[in-house]
Structure formats: structure tokens, C-alpha cells
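With these hints in hand, go ahead and build the complete structure from the sequences.
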Amino acid sequence: MTELQTHAAEIAAQFSDHIDVETDEIEQRLDQVVSEYKIPIDEARRTVTNSLLDEADIDRDELGRGGAETVLVDEIDQDEQWVDVTVKVVDLWEPRSDSISQVGLVGDESGRIKFVAFETSELDELEEGASYKLGNVVTDEYQGDYSIKLNRTTTITELDEDVEVGDSTTTVDGALVDVQSGSGLIKRCPEEGCTRVLQNGRCSEHGEVDGEFDLRIKAVLDDGHEVQDVIFNREATEELTGIGLEDAKQQAQDALDTSVVADGIRTDILGRYYRVTGPTLGRYVLANEFEQLDSPTDTDAVLTKARSLQ
Amino acid sequence: MSQDDSVPTREVSQRAFAAEFNDASYTFKESDDDRAPVYALLPTGEKANRVFFVGTLTETDDVGEDNEYWQGRIVDPTGTFFVYAGQYQPEAASALRELEPPAYVSVVGKPRTYETDDGSITVSVRPESITTVDAATRDRWVAETAERTLDRIEAFDDEANEYARMAREQYGDDPSAYAETVASALESLDGEDSVPTDDTADAPADGNPQA
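As they're listed, the protein sequences go chains A and B. Residues 1 to 310 in UniProt numbering are what the first sequence spells out, letter by letter. Residues 1 to 211 in UniProt numbering are what the second sequence spells out, letter by letter.
No wet-lab data here; the hints were simulated from the structure. Not one of these hints is a red herring.
DEER-style ranges, computed between Cβ atoms:
#1 B:162 to A:279: 32 to 40 Å
#2 A:192 to B:162: 52 to 60 Å
#3 A:145 to B:180: 47 to 55 Å
C-beta: ideal position from N, C-alpha, C; glycine also.
Okay, here's the thing in C-alpha cells:
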């Protein structure tokens with residue numbers, strides 16, 4: 001599909017509930033303004049869309065799910081949303097029903113999600129390993145698991161670049177070798193939408209504010225090959241250390257110093273081994289799940305190897 | 001684990017048994033910058049700016065003259081790590097002051113070397129943190145350190161392994177003795193549950209490796 005065809009198909013999809021207009025016709029109109037009048041494509045879309053609105057005598061607001069929101073697959077958490085995704089086809093499965101043309105897994109940097117395409121939609125087939133921009137797909141939910149459904153209005157654009165498929169979560173093992181500053185009892189900016197951690201009572205964005213207490217741990221896991229920064233939020237900190245926000249405030253009040261909380265946490269967790277699982281955010285893994293690792297399992301194989309290397 | 005280049009990468013904590021660590025007397029820098037990290041060269045061919053170990057604290061001693069300067073002896077299945085903490089390592093110093101040996105402890109720290117009057121080089125650790133842990137953590141460290149040490153020995157003959165090449169020049173070209181150390185450390189894990197006693201290693205005589 002050419003770029004123009006893609007735009008034309010997207011416009012056609014927007015109007016599909018209102019008027020009977022062919023993608024070809026829209027493409028011709030787009031082509032005219034783009035080629036003859038040298039208008040940028042975004043502007044051309046606007047022009048063509050407006051003229052179609054005029055002709056059909058409908059309000060822009062009535063246009064269905066035009067400009068569906070572009071999302072990452074792990075952001076999908078609602079049923080029946082119209083979205084755009086940029087994904088790679090990870091796996092194609094055998095359809096179990098004659099009405100289904102294709103079923104499988106697609107993924108982007110945030111994770112993977114099941115997709116279904118139906119025979120009646122008469123869409124181009126997706127190829128395993130290829131990357132696409134899928135416009136106007138519908139989210140579906142079944143027992144808490146989400147999928148996306150391709151439909152008659154879905155636009156499929158094959159991409160030249162390869163979409164990297166990430167795992168939604170990472171698991172790291174290692175010795176907890178450092179608890180960094182900014183851990184323990186902290187204060188966050190109370191401004192709407194701002195959760196910055198205050199430094200000496202000041203928010204870097206909002207200046208001096210009356211902060212709200214929170215608990216967290218920024219720590220370093222080290223397995224002898226690599227280091228990984230991890231963050232335990234309030235809930236995870238409480239589970240890890242048994243110290244709740246109220247206990248922490250009390251400790252700080254008794255000592256007239258918030259740093260006693262971090263000191264206590266250090267004593268509790270430094271030098272132990274942990275396995276932490278969670279999503280990656282920048283250089284951090286957020287500790288959604290964790291466990292302390294204790295005795296090693298079978299060391300016989302290592303012993304055999306040690307003897308062979310002598 | 002890619003990191004932004006503008007953020008200095010934290011040095012990994014190497015795992016080595018005391019028997020190998022105490023042989024790591026050669027140190028070097030990789031840049032002329034005064035603040036460039038100093039590395040100890042492990043005889044199995046790896047650079048160590050930081051180490052992590054778990055062992056039994058058997059003895060603590062304030063060896064300072066005017067100021068507190070704490071020495072701790074920490075024993076693993078192969079030998080003894082010596083740690084020294086003074087006023088610039090307040091948390092580690094207070095841990096050594098308050099701990100009652102014997103106790104299992106985890107240590108994160110930096111290798112330090114100093115030359116004694118007779119010209120021999122002594123290797124010790126300047127701790128960043130010392131915490132008490134349980135026997136299971138100790139056992140896990142022994143198993144992990146065994147694996148890491150064998151990994152290094154296996155990579156010792158790789159052409160591209162520049163630290164192995166340095167180790168060959170500094171310490172000789174046969175790391176197999178450390179495989180023996182690994183085997184004996186692993187054997188000690190079987191059915192042993194008592195706190196080991198200190199071995200016969202001697203503490204540095206003047207007790208102050210940073211002087």
C-alpha cells in the first residue's frame with residue numbers, strides 16, 4: 001500500500017458509518033491536492049475530510065473513531081476501544097473457526113497481544129515476522145485478557161523497519177549491594193499530576209511545597225556480571241521490610257530525622273540475594289514481584305566442573 | 001542492561017574466594033585521570049574495582065591510634081578476608097564496632113593493597129557496607145562464587161581476554177589451583193553447619209593498610 005492509499009483508507013474508515021465513499025475516490029482527491037497543488041499530506045487530509053463532511057452534511061464530531069489513539073499493546077486495558085498499534089507479527093496460529101481468517105500474536109516494545117482477523121473483513125493477510133502499522137483495530141476482553149480484533153475498517157501498512165518486541169516484564173537475580181539516596185521515607189510534590197520527590201522541601205518544578213510522605217527503595221542488584229537498578233514502591237517496600245508508611249513516619253518522628261528509616265531498611269536488605277520481576281522503566285526495573293533467594297540448589301554439576309578444570 | 005552514556009556505569013561487584021582475592025596484589029588504572037577507578041587484577045583474569053563476599057566474621061579489633069580504625073577478619077571456606085573501616089567509612093566502622101563475632105556477614109567493598117616493610121603486598125577490603133545475614137545467604141554466595149570463578153578459569157585462554165593476558169604476565173599462566181579452591185569450597189557446603197573457625201592467616205602487622 002502506498003502512503004496515499006493508507007491515508008485514503010483511514011479517511012474511508014472514518015466515514016464508513018456515514019456515507020458510501022470508496023477508498024479509490026478519496027485517494028484520487030488526495031492525490032490531486034498533493035500532486036497538483038503541492039499541499040503537505042496532513043493538510044491534504046484535512047482538506048479532503050472537510051470537503052467530504054460538507055458533501056455529506058455531517059458534523060466533524062459525528063465522525064466515528066476517527067484518528068483512533070495510537071497505543072502500546074500493554075496499555076490496552078479496556079474493552080471495545082478503537083486504537084492504532086505498530087506491531088510485529090510474532091506468531092500465527094491455526095484458526096479454529098471458518099469465520100476467522102487469521103489469529104496469532106503481535107507485539108511491540110511493551111509486550112505481546114493476541115489478534116484476530118475475520119474472513120468477512122477481507123483484509124490482506126499478515127505475514128509472520130513482518131512489522132505493520134494497524135489502524136483502527138478494536139480491543140476485546142475475555143476473562144481479564146485483552147486482544148485486538150481487525151475489522152473491515154482496519155488499515156494495514158507494512159513497515160520497512162523492524163518493530164522490536166519486548167517482554168512486558170523482566171526478571172533479575174542478584175545480591176542487593178546498594179540502597180541509594182532517595183530511599184526510605186520521602187516527600188513528593190502534591191501538585192496535580194506531579195509526583196516529583198522533594199529535595200529539602202523543594203520540587204524542581206513547583207518550588208517550595210508542602211510535600212506528601214511516601215515510602216520507596218532505590219536499590220542495586222548485582223549478579224557479578226551486571227548491575228541493575230530496581231525500585232520498590234510503597235507497597236513493595238512494606239512487603240519487603242514490614243515497615244508501613246505510618247510506622248516509618250513514627251520512626252522519623254521519634255528520631256527527629258527521616259534518615260533512620262533508610263538506615264533501618266539498609267540493615268534489613270543489604271547483602272541478601274533477591275529475584276525481582278517487573279516492567280522496565282528507563283534504567284529501573286519496578287519490583288512488582290520479588291522474593292529473597294536462599295540456599296543454592298544442587299551444586300554437584302559445578303563441583304564436577306571444578307574437578308575437571310584442575 | 002544498556003545505560004545512558006552520560007551516567008557513569010556502576011562497577012560490578014566481582015565474586016572471588018579469599019584464597020584468590022588475597023593473591024590479587026597487582027593493581028592498575030585504565031586512564032590517566034586522577035579520579036579513574038583503580039582495579040585489582042584477579043589471578044583468574046578479571047579486573048575488580050568492587051567485590052561482594054559473604055563469610056563468618058570471627059574477630060573485630062580497633063587498631064587505630066588517635067581515631068577509631070576497625071579491622072575485621074571474615075572467613076570463607078578458602079581463607080580470610082581482612083576489612084578495614086575508619087572515619088571515612090562510618091557505617092561499616094559502626095557495624096564492626098557493634099557486631100558480636102562469630103556472625104555471618106555480607107560485605108560490599110573496594111579492594112585495597114599496601115606494601116609492607118618487607119616489600120610484600122597485602123590485599124584487603126575497604127567496606128562500603130557490612131550487614132549480618134543468615135547461613136543460607138552465605139551458602140548461596142559460596143555456590144555463586146564457585147560458578148563465577150570457574151567461568152573466569154574457562155575464559156582464561158580466550159585470545160580476546162585482555163585481563164587473562166595481564167594475569168598471565170603478573171601471576172603466571174596456570175589458574176588451575178583456583179579450580180581446586182573452588183572444589184574444596186563446594187565440598188565444604190555438604191553437611192557442614194557449624195561456624196568455621198579462623199584459619200591461620202596473619203593480620204597485617206601494623207594493622208593500617210591505608211597509612
